[in-house]
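Chemist: So you can see what is in the structure, the chains are spelled out below.
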Amino acid sequence: NAGVTQTPKFRVLKTGQSMTLLCAQDMNHEYMYWYRQDPGMGLRLIHYSVGEGTTAKGEVPDGYNVSRLKKQNFLLGLESAAPSQTSVYFCASSYMTSGTQYFGPGTRLTVL
Amino acid sequence: KNEVEQSPQNLTAQEGEFITINCSYSVGISALHWLQQHPGGGIVSLFMLSSGKKKHGRLIATINIQEKHSSLHITASHPRDSAVYICARPWGGSNTDKLIFGTGTRLQVFP
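Protein chains in written order, with the working numbering: chain P, 1 to 112; chain V, 1 to 111.
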């Protein structure tokens with residue numbers, strides 16, 4: 001099993017460009033999450049999903065959109081990237097919302 | 001102000017030392033999580049505990065629900081234990097909630 005995978009691993013964008021980060025899990029987990037990690041701050045929840053076809057806002061959702069068309073995939077979109085979105089993005093999945101979470105390797109995004 | 005407080009923020013140790021990392025929180029919870037973030041960035045879950053103590057190898061996690069406090073201990077520390085250790089609690093306290101994370105304790109163990 002691959003666990004949780006993320007693509008791409010690194011990306012540099014210019015302000016205003018758009019992109020999509022893909023998260024995939026092969027553990028048949030219902031719950032999936034997107035976090036961002038910034039220096040000096042804890043992981044912060046951007047959006048999450050409690051099942052295929054569902055999404056919900058987390059702590060810092062502004063500027064991001066998500067979709068969960070298939071149970072194994074959770075996409076994070078940036079429609080118009082801003083320098084404030086420079087961060088490391090982690091995807092995670094779990095059997096239940098506060099159960100053990102399994103993390104992807106992260107995507108380092110720089111917005112110039 | 002982060003609602004999950006960890007101390008210390010940074011910790012250095014000599015190989016073989018006993019390590020303690022502390023986590024305190026402000027609301028009643030059903031369970032607390034400890035995670036490890038490797039120097040390369042990868043994050044793995046270490047423990048989820050709701051009472052008492054759990055042990056895995058040289059790692060021991062304890063929790064006092066009444067005191068709203070948890071500790072992570074590492075016995076006979078080794079340089080490969082160098083990482084950031086993060087605690088997290090359910091957002092609203094119950095076991096149906098999302099997690100809120102502390103800012104982590106950065107541990108460096110020197111040979």
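Note that these hints are calculated values from the structure, not bench results. Among the clues, some could well be false.
[Unchecked claim] Pairs of lysine-lysine, BS3-like flavour, derived with a Cα cap of 27 angstroms:
(1) V:Lys53 x V:Lys98
(2) V:Lys54 x P:Lys70
(3) P:Lys9 x P:Lys57
(4) P:Lys71 x P:Lys14
(5) P:Lys71 x V:Lys68
(6) V:Lys98 x P:Lys9
(7) V:Lys98 x P:Lys57
(8) P:Lys70 x P:Lys57
(9) V:Lys98 x V:Lys68
(10) V:Lys98 x V:Lys55
(11) P:Lys71 x P:Lys57
(12) V:Lys68 x V:Lys54
Only a predicted model underlies this, so the values are computations on that prediction, with no experimental measurement involved.
Chemist: Please go over all the hints and tell whether each is borne out by the structure.
Modeler: Hints, verified against the model:
In summary, the hint linking lysine 53 (chain V) to lysine 98 (chain V) is supported, as the alpha carbons are separated by about 23 angstroms, within the 27 angstroms threshold. With a C-alpha separation of about 36 angstroms, the suggested pair lysine 54 (chain V) and lysine 70 (chain P) falls outside the 27 angstroms cut-off, and the hint is violated. Of the supplied pair hints, the one linking lysine 9 (chain P) and lysine 57 (chain P) holds, its CA atoms being roughly 24 angstroms apart against a limit of 27 angstroms. Taking the CA atoms of lysine 71 (chain P) and lysine 14 (chain P), the gap is about 31 angstroms. The hint is violated against a cut of 27 angstroms.
A C-alpha spacing of about 36 angstroms is found between lysine 71 (chain P) and lysine 68 (chain V), which places the hinted pair above 27 angstroms, so the restraint is violated. Taking the CA atoms of lysine 98 (chain V) and lysine 9 (chain P), the gap is near 25 angstroms; set against the 27 angstroms cutoff, the hint holds. This hinted pair checks out: lysine 98 (chain V) and lysine 57 (chain P) have alpha carbons roughly 11 angstroms apart, not beyond 27 angstroms. Proximity of lysine 70 (chain P) to lysine 57 (chain P) is assessed by CA-CA distance (about 18 angstroms); at most 27 angstroms being required, the pair is judged to hold.
A threshold of 27 angstroms between alpha carbons decides the hint, and for lysine 98 (chain V) with lysine 68 (chain V) the separation of about 18 angstroms falls inside it, so the pair holds. Distance hint between lysine 98 (chain V) and lysine 55 (chain V) is fulfilled; the C-alpha atoms sit about 24 angstroms from each other, no more than 27 angstroms. Between lysine 71 (chain P) and lysine 57 (chain P), the direct Cα distance comes to roughly 18 angstroms. Compliance with the 27 angstroms bound is thereby established for this hinted pair. For the hint pairing lysine 68 (chain V) with lysine 54 (chain V), the CA-to-CA distance comes to about 17 angstroms; that is within 27 angstroms, so the pair holds.
The structure is inconsistent with the numbered hints 2, 4, 5, although it conforms to all the rest.
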